[in-house]
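Dock chains H, X and L against chain Z, hints included.
These protein sequence lines map, in sequence, to chains Z, H, X and L. In our numbering, each residue's number is its place in the first sequence (first place is 1) plus 242. In our numbering, each residue's number is its place in the second sequence (first place is 1) plus 129. In our numbering, each residue's number is its place in the third sequence (first place is 1) plus 459. In our numbering, each residue's number is its place in the fourth sequence (first place is 1) plus 12.
If you are wondering where the hints come from, they were derived from the structure by calculation, not from laboratory data. Careful, some of the hints might be misleading.
As the list claims (entries may be wrong) - Derived, one-sided and incomplete: chain L residues facing chain H with beta-carbon distance under 8 Å:
(1) G26
(2) F33
(3) E65
Stated by the list, open to error - Where chain H lies over chain L, by a calculated footprint (3+ residues, C-beta under 8 Å):
(4) 16-23
(5) 40-53
Just so it is clear, CB atoms sit at the ideal spot from N, CA and C, and this is done for glycine as well.
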Amino acid sequence: MAAISAILIVLIAIWPINNTLAVAATSDYGIDALFKFMLYFAAPIFVFVNGYVLYFARRYKHRRDEPADAVGIPLYGVVPLEIWWTVLPALLMVVLGIWSAVTLFGLYKPQAGALNVEAIGHQWKFELRYPGLKSSFYGDFYLPIDRPVTMNITSADVVHSFWVPQFRVKLDMVPGMVQQLHFTPTQIGNYPLVCTEFCGIGHGDMRTTVHVVSQADYDKWFSGEQQQVAAASASAGALNLAAGVVSKGQAIFEQKCAVCHNMAGFAQKKVGPGLQNIFSDPAHPKLVDGSAPTPEDVAGIIEKGYSGDIGVMPNAQANGLSSSDVANLVAYLKSQSK
Amino acid sequence: MTVHTEALGHEHGHGHGIMTQEEYIEQRDTRFLGFLLFLFTDSIFFTAYIFAALYLRSAAPVWPPVGVERPDVNLGAVNAILLFGSGITAHYAMHRLKESRIAGYIWFTIATIILGSLFLGGQAYEYAHIHATWSGSSFGAAFFTLTGLHGFHVFVGVIYLIVTLLQSLGGTYTPERHFGLTAATLYWHFVDVIWVVLFFLFYIY
Amino acid sequence: MSTDTIEILRRTEAPIHPAPESFVRKYIFSIDHKVIGVQYFIVSGLMILLSGLFAEAIRVQLTAPHNTFLTPQQFDEAFTFHGTLMVWFGAIPMVTGAFGNFVMPLQIGARDVAFPWLNMFSFWTFPPAVLILLSSLAFGAPNSGWTEYPPVSLQAGVGIVFWTTAVFTVGIGATLTALNFLTTVIKMRAPGMTFTRMPLFVWASAVTAVLSLVATTALASALGSLFLSHVFNVPFYDPSRGGTVVLFQHMFWFYSHPAVYILIIPVFGIVSEIIPTFARKPIFGYKLIAFSTVSIALLSFMVWAHHMFTSGLGPWVTLPFMILSMLIAVPTGIKIFSWTATLFGSNLRLTTAMLFVLGFLSTFTIGGITGIMLASVPVDWHEHATYFLVAHIHYVLFGGTLMGVIGGVYYWWPKVTGRLMSESLGKWHFWLTFIFFNATFLPMHFVGLLGMPRRVAYYDPAFQGLNLFISISAFLLAGSFLLLFVNAFWSLKKGAAAGPNPWGARTLEWMIPSPPPYYNFKETPEVYATPYGYGEPLPYSAPYNSVSTTPTY
Amino acid sequence: MDTAHLADTIGAIGAIVVGFFAVRFLRKEWKLKGADIGITKVMLTLLVIGCVEALLVGLRIVGQTPLSTH
Chain Z
243 MAAISAILIV
253 LIAIWPINNT
263 LAVAATSDYG
273 IDALFKFMLY
283 FAAPIFVFVN
293 GYVLYFARRY
303 KHRRDEPADA
313 VGIPLYGVVP
323 LEIWWTVLPA
333 LLMVVLGIWS
343 AVTLFGLYKP
353 QAGALNVEAI
363 GHQWKFELRY
373 PGLKSSFYGD
383 FYLPIDRPVT
393 MNITSADVVH
403 SFWVPQFRVK
413 LDMVPGMVQQ
423 LHFTPTQIGN
433 YPLVCTEFCG
443 IGHGDMRTTV
453 HVVSQADYDK
463 WFSGEQQQVA
473 AASASAGALN
483 LAAGVVSKGQ
493 AIFEQKCAVC
503 HNMAGFAQKK
513 VGPGLQNIFS
523 DPAHPKLVDG
533 SAPTPEDVAG
543 IIEKGYSGDI
553 GVMPNAQANG
563 LSSSDVANLV
573 AYLKSQSK
Chain H
130 MTVHTEALGH
140 EHGHGHGIMT
150 QEEYIEQRDT
160 RFLGFLLFLF
170 TDSIFFTAYI
180 FAALYLRSAA
190 PVWPPVGVER
200 PDVNLGAVNA
210 ILLFGSGITA
220 HYAMHRLKES
230 RIAGYIWFTI
240 ATIILGSLFL
250 GGQAYEYAHI
260 HATWSGSSFG
270 AAFFTLTGLH
280 GFHVFVGVIY
290 LIVTLLQSLG
300 GTYTPERHFG
310 LTAATLYWHF
320 VDVIWVVLFF
330 LFYIY
Chain X
460 MSTDTIEILR
470 RTEAPIHPAP
480 ESFVRKYIFS
490 IDHKVIGVQY
500 FIVSGLMILL
510 SGLFAEAIRV
520 QLTAPHNTFL
530 TPQQFDEAFT
540 FHGTLMVWFG
550 AIPMVTGAFG
560 NFVMPLQIGA
570 RDVAFPWLNM
580 FSFWTFPPAV
590 LILLSSLAFG
600 APNSGWTEYP
610 PVSLQAGVGI
620 VFWTTAVFTV
630 GIGATLTALN
640 FLTTVIKMRA
650 PGMTFTRMPL
660 FVWASAVTAV
670 LSLVATTALA
680 SALGSLFLSH
690 VFNVPFYDPS
700 RGGTVVLFQH
710 MFWFYSHPAV
720 YILIIPVFGI
730 VSEIIPTFAR
740 KPIFGYKLIA
750 FSTVSIALLS
760 FMVWAHHMFT
770 SGLGPWVTLP
780 FMILSMLIAV
790 PTGIKIFSWT
800 ATLFGSNLRL
810 TTAMLFVLGF
820 LSTFTIGGIT
830 GIMLASVPVD
840 WHEHATYFLV
850 AHIHYVLFGG
860 TLMGVIGGVY
870 YWWPKVTGRL
880 MSESLGKWHF
890 WLTFIFFNAT
900 FLPMHFVGLL
910 GMPRRVAYYD
920 PAFQGLNLFI
930 SISAFLLAGS
940 FLLLFVNAFW
950 SLKKGAAAGP
960 NPWGARTLEW
970 MIPSPPPYYN
980 FKETPEVYAT
990 PYGYGEPLPY
1000 SAPYNSVSTT
1010 PTY
Chain L
13 MDTAHLADTI
23 GAIGAIVVGF
33 FAVRFLRKEW
43 KLKGADIGIT
53 KVMLTLLVIG
63 CVEALLVGLR
73 IVGQTPLSTH
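In isolation and in its complexed conformation, chain Z is listed as follows (with noise of 0.2 Å):
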């Protein structure tokens, strides 16, 4: 049995996973090694297993000359043996724990240079939202090779799961809860991003492209997606609050900090919280500090982004917003501020 344990062994070693089912992200996570790790000890177990069922169930078979009333050897158990296999199991378990801790940790590790994307899930479709693109849009999207992806994840209705089976990492978009998942894709190819998690009736055709270009096929993608940007970009100079537009910062804010902002009291939290009386709310903790924030407090926070025990929300730069965008917006905050 150690032999065919030992073929088995063999054979997984050399069975090109990658061949199956192709990692297109970088490996370095290590999960396909650690499944690897697991089919090694499952063989001989699986084997031992078996094999000494068949074995046993052919050598101590009841024969039909042995008396009707015949019985097996009186042996209540072995304690040494028993010893073993807990702790050998034990042992077994505590490796196999101290690895998928140490690759747990990696998953969870951003990368430094990322490129941030986010991703919403509706019923039944994924929204893509990119730094510097005015607008998000639905379907298909593109990642550019070789360089690490921040993924920044979370839904606008029920639950769904973002899965590109080639990258191996999968989490739940759940709604009212912002999850990072850090990847970098490693090969050139489409591949598809799959919802796991039940989401209604739509559940099965909720899915949609991932194409991992080349940086040069990327550019000519996002420049192509990049329309009005450029516009908004020449025109955008320092930051100048006193130029803030209400009605200009309305519109920004319904058309992008809607997806996780309500105009509401604080409590009223969609992603992050409402934000009307931003100004005045002794509710927002991470702003006032015990005074009252100042326009450039709020400011700040839109431009540089929020990370904290409230949620993660992400920078000016990820938002697609410009500084004159940051300034109408500023306004308009104010604005709904009592």
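Only chains H, X and L this time, still in chain Z's reference frame:
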């Protein structure tokens, strides 16, 4: 003893071997254990919702959420004392019965029922005056669900006490035989101590 | 506590209830644990059948990537009913209500469970719950899977109200049964039956009762919150009003992970009874098996979040759950190895029941191994909510629970009916079931790894070949069960009389006639040793030590 | 004296009275044995804690913060 002893089996088997008859009878008394397990499983019900309340609290930036107010803590304390006091009277009633002082037992049970009912009244008053709604906020969801569940238990407890009182007037319970009363008292204590936790959770913490 | 002699004896010893005469008191509103066990067996058996039909409907739909056999709506209802019926209305009542009720009191030498009337009440929560659930088909069925995660389950209309009510109702019965069983095991054991002399099925029933007692109430609160969310618009799960959707997953899985063990631990007990009986030797490592049952139960309350590794708990929360989930492999491994070791030096009778148990050993091992894989968070990130998960759960619940249950049916059938089943038909049944079970569920691992999510009415055409193969195997698997029904009916009509102890077993239920008389034991037996001492005299007081332990089938 | 102060006073005095009896019972039962007594002891202990809660509220030591950021 009107039991068919020939069917009991101790004449033939145990009673003089593995177990004495007293041990055997003690072993076979299932009611208390059964009732205890019931209380245990009931407490899980509350525990789950208390966990939910704490979870909602941890997910909220401020607690209670803006625009929602906790119930009045001072009146709440008075109300809590009514319920805690009823626990004491229930305890007294039990002792009086064990001491064969039936009149004392009856009066203390009536006091328990009145205090329990007053508590329910206090809860109703609180529900009418609190600045929160069941469907309005996570605080409301946790508060009304848990206190409502508890109020339901108090209500059942009051009914239970009334039933035991009527039964005892008919002579069901004696100083030696009063399992139903032990159960009622324990249940009442259980309802009491749940409020110790809920009072802390919603009024103080 | 005053020991009220007459009252206690009245309740537990003397046959104050004469054997009921009327049909209704005898077979419908019976308080006899054996009749209640059979009632549970029939109803939960029907539910398993019905659930199987829903599964076949799912497989018909999945024969083609964009099949029109079912609309997505109907498909969602089908897998919701499949899961709900199988877990709460099929398997749990089967392993606790049916096997626990019939076998456990007999094995501890009791005349009935601790609270016979409560037992009857527990059963009679079950048929109404079935009716509530099935009636939802007429009003708008629940359609978000047996897990019913909000918010999607709250969109589904009135179905969720039926679903929560039905599961709540059957949960009341399950809790009361657990309360009853735990009291029975603690209080009603025959004199001399210490904890270490209890048959392992009794251990399993007691531990399951503890699990059920703690967890089912937690489920009730989760169902309650879902009910309130739908009916009274309470914002437990509405982020815009401060709720959080992950809360439901915590509350649900705090029940539903132990529920998996409620499903499998009694089967561990069944297997631990069948193996020594047919190996004709003591179970290997009795104490370690009992201890591992208890430790599995303890661990099962600390691992619920491994169903939520992708739900955004963060690394520091998932880490302890991952480690604890992996540790469950240790006690489970102990059991598998001990059962295998029991076969060593045996005098093995390969009856149908034994074959199913050996099949259980094989398939459950696979389910256990894939369980370890899913416990590792990084690998789970790839495999979660795919067909790999579906394959895993079916290797555990079909290859584990159902295989063990069928083994148990073949094993205790003569005790319940007094007649033997056909061994040759049974062996055909085993081989067909075993082969088509693996043909159905083994490929699901691969479809899942390749990227097919679960609960999809439509799928990527790339997976059509494998899915077609799976579906055909599933139809044949269903067909193999016809042999069981044929066998059962044949046995009832023409089966040979079984006698009290056809298998030559040594636990107490085989020491009395088949089927057992009303009130089981005329005199309460005394127990002097473990039941598994094959080759030694029976460790019971007269007259229970005079039954032949030579197999006569 | 407004309602809040009245309620405080009643609450505090009530807490002391009820707590006194609870402690007395607890002391009485402490040495007794039996399953129901054991449970009663636990219940009475919790009851004493409840009285302390109510007393602290009555003395305005806890429960006075309208908002808390966790």
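Failing hints, ascending? Of the numbered hints, all hold.
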